[in-house]
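*Asks:* Full structure from sequences and hints, please.
Protein chains: 2
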Amino acid sequence: MLELAFTPDRGHGEPVYRQLRDYLRDLVAAERLPLGTKLPATRALALALGLSRNTVAQAYDELIADGLLAAHVGQGTFVTGPRQDGARPRPQRDEPQRRFVWSGLFALRARALTLPPGLIAGRSGRKRFDFRGGQVARDALPAGEIRRAFAHALASDLGAIAGARDPYGLEALRGAVARYLVSRGIACDADDVAIVDGAQQAIDLVTRVLVDPGDSVVLEQPGYFGARVAFTAAQANVIAVDVDDEGLRTADLARVLRTRRVKLVYATPAVQSPTGVVMSAARRRELLALADEHQVPILEDDYGSELRYEAPPIAALKTLDRAGQVVYVGTFSKVLFPGLRVGYVVAAPPLLEKMMLARWNANVTTNVVAQAALAHLLATGGLGRHLRRVRTVYGARLAAMLAALAAAMPAGTEWTRPRGGHSVWVTLPPGIDSGALLHPAWEAGLRYLPGDVFCGPGRGGRHLELSFANHTPAEIRAGVRLLGALAGKQRPRSRRRT
Amino acid sequence: MLELAFTPDRGHGEPVYRQLRDYLRDLVAAERLPLGTKLPATRALALALGLSRNTVAQAYDELIADGLLAAHVGQGTFVTGPRQDGARPRPQRDEPQRRFVWSGLFALRARALTLPPGLIAGRSGRKRFDFRGGQVARDALPAGEIRRAFAHALASDLGAIAGARDPYGLEALRGAVARYLVSRGIACDADDVAIVDGAQQAIDLVTRVLVDPGDSVVLEQPGYFGARVAFTAAQANVIAVDVDDEGLRTADLARVLRTRRVKLVYATPAVQSPTGVVMSAARRRELLALADEHQVPILEDDYGSELRYEAPPIAALKTLDRAGQVVYVGTFSKVLFPGLRVGYVVAAPPLLEKMMLARWNANVTTNVVAQAALAHLLATGGLGRHLRRVRTVYGARLAAMLAALAAAMPAGTEWTRPRGGHSVWVTLPPGIDSGALLHPAWEAGLRYLPGDVFCGPGRGGRHLELSFANHTPAEIRAGVRLLGALAGKQRPRSRRRT
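Top to bottom, those sequences are chains A and B.
Every letter in the first sequence is one number past the one before it in numbering that gives the first Met the number 0, and letter 177, counting from 1, is 176.
Every letter in the second sequence is one number past the one before it in numbering that gives the first Met the number 0, and letter 271, counting from 1, is 270.
Possibly wrong hints are sitting among the right ones.
Unchecked claim - Anything over 12 angstroms on all C-beta distances counts as not near chain A; from chain B, calculated:
id : residue
1  : P14
2  : A69
3  : R384
4  : L386
5  : V392
6  : T426
7  : G430
8  : G487
What the hints assert, rightly or not - Taking beta-carbon pairs under 7 angstroms as the criterion, some of the chain B residues facing chain A (in silico):
id : residue
9  : F336
10 : P349
11 : N360
12 : A361
13 : A369
Keep in mind the hints are simulated off the structure, nothing from the lab.
Backbone N, C-alpha and C define an ideal beta-carbon position, used for all residues, glycine too.
*Replies:* Have a look at this one:
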């Protein structure tokens, strides 16, 4: 008897009998179950697969209805399809010609892997306005500085760095990052810094070394989707703690920490993702005191504190960390561009050591040409010059976005008023769902990430994120006008009547 | 009472009572258990931590012996150290000043993370001869071609690629890789290809989506250490199948597959890592037939088939794969340089899709500048030109290595005679251990990876890998002469007497 390697996916949403039906159908199509094969009795197969007999019977019934199987009373169930020309089995060949069946082979843990719908899609289709987060001002890239930095890296360092496989990263870049961070009030030196492929890898690595399946982690609500998918992929129990206009609600966090053993608190104190809110000084002190009381590490994702358009730059939570329990993550993705895939972590030696074991396992180290180029860009002050320029650009785009929202959105729409970062968190008037609006927006060439992406499936309701990084003020005005018109059309009739 | 977050590491090798002792000592040192604190009774703590009472008692006893704790009959056990000036507790402050205690906080799964000792170490110390694998000929890098390719990527594409976050990689590079692979007999197009950060990431991603903790995977013995650490990190049950001069012993594999449900077979058919053996045609057919019979996917790590110094290039196993069950992995790390961190995977769509979910989670995508540069290098034929040049370089180094081994190693030494790849697998005469030789070699400025790294702890015995990629023929001769002299000194006396 053929070994049936079917594992039901209980979290999948689709009934198990249908999963089994599709699995068997794949086997027949791939001729792994050739014409005429006698299938195991439902009781035997149910036993072998750990399913109920009824589940197997239902799967067989559907395949009989489809004409792929036939039941002969007293004899058993046989494969009769798929119908071939003349309905005769194809002759066997020496070489394996049968298609390999992947369904049922995946690891249970692979089922926890997800991506926000609509994040990547968009290779095809008209895309006039892309307000999805994570982009930068492409027209403001410091192309000349970057070209020179890469040329310098390749001219002077290639032989020395070509074979690099230290997961901590290049000494030159770690030193340059440490000096940059010291200038921003974070006490560290090169040995405390590890280079990673952007904030996402830092989140993934911290999760790998601290979180077992079923462990609890705290995420802001709404919160960064990259952290959500990483925690979900690790089969963590994700506990959402609300954000208000002072940032993470530490009183709510205190309740959670009193009642659950939490392995990690993820936070974006400088520019909360996606609301753009700055965490207040009082909340910062409370957060650190709670983390100390309960001995819980904090993962500070400081992706955006350099992108501050009013007043002085925002200090990192890490500057207040005396105990070494804040894992600090920064990135060049927002300051330069995300395709660079370079970020950095500052963490206590025992944690950093474990993370770097995971790091080598994952992908050894970060592209050394990019590392050397960035070290040069930091050492020559190129990054600082670019930051000063780009703050003006983003400041104007933020202002344009806020003005456009006021001018074009239906009455009852609300939004945050960030003073930094890349995006505004919008709440549509009651009765308008950001998920329902997604399709007409997509059709009209307008892209955004709906609230579900930041709040969890079915919980994003009227919320959506609009990033202003990717478009000029004129484009922002036109795009928000389009969004406002589409939202207006979605207004429920009952509401328009009142 | 302070919450004690201690989890014993059963696979650690160190007795649990010592782990607990160290944990408590850390707490005392960090003043999380201040002077005068009364510790829980051994019975209570044993219950709370799920340990035996004896384990807790032993830990307390050692700390009492160290003067950190004191037991008062009828009263309990108290913290008495570490000794301060005047032995008085420090006054409490408002700010948390206590060091955060990381021991005991790590995930159970993090304990499976390892790295071969000696792989990365070597930032310091004299390093005259580095025969560790994974390096390339730094003096033969196509520096000009690489500079031009990066300059082209930054000049023409930066705006278009800056925001890329498609985990599959840049369309241009996927297409160029597909055309390159078709020219080598692998039927695929751009949609079957995903760009990854070198072979290590491909191994990690395949493992993430196919292997649950406790699942069985097959690895060649000796086998590539990067695969070993990835499988170990995934908490897999690693089954070693021996390699002989025709490659993986398929008869042994057949026995394993008959008796175990194996999730994945890892193989390096073109240039076996680390022996350099080419898998015979008969074994290739047997491997595919076995994989078909047992419906097990094969992960083909084809890191080195381009590096062939005699006769025509070696075909990939993938060229024989009609069923789509071979996951094909290639890399630019050996052909260009490892710090580039760019490789590729060809796999069936259902698998590739899951891998790309894991990929986004891990680190989103590969550095886009490097991707665009490589696409240019492939399109302009720069890679092919470099390959033709470098084959001559490596061929001469391989010949020098083989001649040097014959000239300089003690009688009884054996080694493989590869016709491609980067390294030779050496077996020292009976009585000489490659691990014991490591220290004197290190002291003399000679680096190599001992057999344990490829065979598992304690099983590498007399074996070691010597990579010839990193040194000129003259350096190779001098380095092997040094190794031979050191090995001669290690000869056991009993042997020299006979």
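*Asks:* Let me know if the C-beta of B/A361 comes in closer than 7 angstroms to any C-beta of chain A, holds or violated.
*Replies:* holds (5 angstroms)
*Asks:* Please check whether B/A369 passes as an interface residue: C-beta within 7 angstroms of a C-beta belonging to chain A.
*Replies:* Because about 5 angstroms separates B/A369 from the closest Cβ in chain A, which is inside the 7 angstroms limit, the hint holds.
*Asks:* Given B/N360 as an interface hint, is its Cβ closer than 7 angstroms to any Cβ of chain A?
*Replies:* For B/N360, the interface hint holds, since the closest Cβ of chain A sits about 5 angstroms away, which is under 7 angstroms.
*Asks:* So, B/F336 near chain A? Judge it on the closest CB pair being under 7 angstroms.
*Replies:* holds (4 angstroms)
*Asks:* At 12 angstroms, judged by beta carbons, does B/T426 keep clear of chain A as stated?
*Replies:* holds (26 angstroms)
*Asks:* Please confirm whether B/L386 is truly not at the interface, meaning its C-beta sits more than 12 angstroms away from all C-beta atoms of chain A.
*Replies:* holds (16 angstroms)
*Asks:* Beyond 12 angstroms from every Cβ of chain A: is that where the Cβ of B/P14 lies?
*Replies:* holds (20 angstroms)
*Asks:* Looking at B/G430 again, its CB stays over 12 angstroms from all of chain A?
*Replies:* With a cut-off of 12 angstroms, B/G430 remains clear of chain A, as the shortest Cβ separation is near 33 angstroms.
*Asks:* Test the statement that B/A69 is away from the interface with chain A: the closest C-beta pair must be farther apart than 12 angstroms.
*Replies:* holds (25 angstroms)
*Asks:* Take the shortest C-beta to C-beta distance between B/P349 and chain A; is it under 7 angstroms?
*Replies:* With Cβ-Cβ at 4 angstroms, under 7 angstroms, it holds.
*Asks:* Would B/G487 pass as off the interface with chain A, using Cβ distances and a cut of 12 angstroms?
*Replies:* Given a closest Cβ separation of 30 angstroms, the condition holds.
*Asks:* Taking 12 angstroms as the cut and beta carbons as the points, is B/V392 off the interface with chain A?
*Replies:* holds (14 angstroms)
In summary, this structure violates none of the numbered hints.
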